[in-house]
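Novice: Sequence:
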Amino acid sequence: MAHRASGRELEITAGGYRARIVTVGAALAGLTLEGRDLVLPYDVDELPVAWKGKTLLPWPNRITGGRYRWRDEVMEVPVNEHSTGAALHGLMGWVEWEVAEADTTHVALESFVAPRYGYPWALETRVEYSLDAGLGLQVAISATNVGSASAPYGSSSHPFLTLGGIAVDSCELTVPAAQVLEVDEALAPVALRDAGSLGLDLRQGRLVGDQQIDHAFTGLPEQGWSVSLRDPADGAQVSVTSDAPWLQIYSGELVGRRGMAVEPMTCAPDAFNSGLGLVELEPGHSHTLTFTIQGTPAH
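All residue numbers for the sequence shown refer to the working numbering, where the first residue is 1 and numbers rise by one.
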């Protein structure tokens with residue numbers, strides 16, 4: 001079988017929703033409601049920019065310097081963003097995952113994280129995408145430690161929310177988070193701040209305008225939260241709902257500000273060094289991150 005840039009494409013539908021999943025990166029390559037894009041799409045023959053739709057594990061976001069200490073041993077993983085000197089988004093974004101299940105409304109992809117220098121733990125991983133006519137797209141990212149030692153772990157996904165590709169500048173963004181992780185010029189964490197002190201208190205919602213955002217948010221409602229992007233011109237909206245303790249928001253300069261990255265995260269950026277939210281996955285134990293993407297049509 002001929003290989004394509006993003007592997008194999010699978011389509012699922014329910015009600016007015018249509019989703020496209022690709023096997024490279026277990027990624028969400030498209031999601032529409034009544035024909036309007038809810039995430040920035042890409043084609044199976046395309047190399048997506050800016051990690052569009054990718055599954056991020058066994059760490060999300062970054063490891064500063066590509067180096068961390070675990071159980072008194074210094075670990076090093078490859079740096080893949082040399083402008084900031086960081087190891088971004090884990091190990092599985094460019095791996096072709098196997099299709100474990102597929103029907104008209106549900107796709108499950110699986111892969112093995114093999115032990116390697118810098119991350120010497122064995123994980124069995126699974127990503128499930130399920131569409132429901134009322135609830136939208138439900139996503140579950142799971143990992144099981146099949147090795148003999150506890151492993152540091154974190155996960156996320158990298159969808160760019162959009163409302164038909166309009167500029168995010170004209171949209172209203174609501175983020176129910178009280179705290180933001182301040183970063184330096186290389187995007188390395190500095191300190192946890194009140195969101196308002198960094199001009200990023202978005203709990204009441206406001207027009208994005210020309211504000212640039214590339215920050216991790218926390219202080220989210222423990223019972224669950226929803227981040228929404230809304231077009232005030234016609235009332236259309238797209239939202240991400242989860243109970244993840246962290247969330248990355250990026251205003252999408254690399255995609256022409258036509259989409260807003262909203263990334264539920266199990267831990268903070270550079271959690272392998274700071275420990276903020278880091279999962280210690282014991283042998284035989286599993287961890288699952290869940291979130292939903294839902295749209296509201298125009299009036």
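These are computed hints drawn from the structure, not numbers from a lab. Do not take every clue at face value.
Unchecked claim - Label pairs and their in silico Cβ distance ranges:
1) GLY224 with GLY16: 16 to 26 Å
2) SER170 with ARG203: 30 to 40 Å
3) ALA188 with ASP43: 14 to 24 Å
4) ALA133 with VAL190: 21 to 31 Å
5) SER170 with ALA100: 18 to 28 Å
6) THR104 with ARG69: 40 to 50 Å
7) ALA133 with HIS82: 37 to 47 Å
8) ALA298 with ARG4: 42 to 52 Å
9) ALA102 with ARG69: 38 to 48 Å
10) GLY134 with GLU172: 32 to 42 Å
11) ALA2 with ARG203: 45 to 55 Å
12) GLY16 with ALA188: 37 to 47 Å
13) ARG4 with ALA149: 31 to 41 Å
14) GLY15 with GLU172: 36 to 46 Å
Note that the structure is a prediction, hence the values are computed from the model and not measured. Just so it is clear, CB atoms sit at the ideal spot from N, CA and C, and this is done for glycine as well.
Novice: The structure should be examined with respect to each hint, and the outcome stated for every one.
Specialist: We went through each hint and held it up to the structure:
1. GLY224 with GLY16: 16 to 26 Å: Once the Cβ atoms are compared, 24 Å apart, the range 16 to 26 Å for GLY16 and GLY224 holds.
2. SER170 with ARG203: 30 to 40 Å: violated (21 Å)
3. ALA188 with ASP43: 14 to 24 Å: Taking Cβ atoms as reference, ALA188 and ASP43 lie about 34 Å apart, which means the hint is violated.
4. ALA133 with VAL190: 21 to 31 Å: Given about 44 Å between the Cβ atoms, the range is violated.
5. SER170 with ALA100: 18 to 28 Å: violated (40 Å)
6. THR104 with ARG69: 40 to 50 Å: Cβ of THR104 to Cβ of ARG69: about 47 Å, so the range 40 to 50 Å holds.
7. ALA133 with HIS82: 37 to 47 Å: holds (45 Å)
8. ALA298 with ARG4: 42 to 52 Å: Since ALA298 and ARG4 have Cβ atoms about 34 Å apart, the given range 42 to 52 Å is violated.
9. ALA102 with ARG69: 38 to 48 Å: holds (41 Å)
10. GLY134 with GLU172: 32 to 42 Å: At roughly 24 Å between Cβ atoms, GLU172 and GLY134 fall outside 32 to 42 Å, so the hint is violated.
11. ALA2 with ARG203: 45 to 55 Å: Since the Cβ atoms of ALA2 and ARG203 sit about 49 Å apart, the hinted range of 45 to 55 Å holds.
12. GLY16 with ALA188: 37 to 47 Å: holds (42 Å)
13. ARG4 with ALA149: 31 to 41 Å: With Cβ atoms ~37 Å apart, the hint holds.
14. GLY15 with GLU172: 36 to 46 Å: violated (25 Å)
Comparing the model with each earlier hint shows violations of hints 2, 3, 4, 5, 8, 10 and 14; every other hint is respected.
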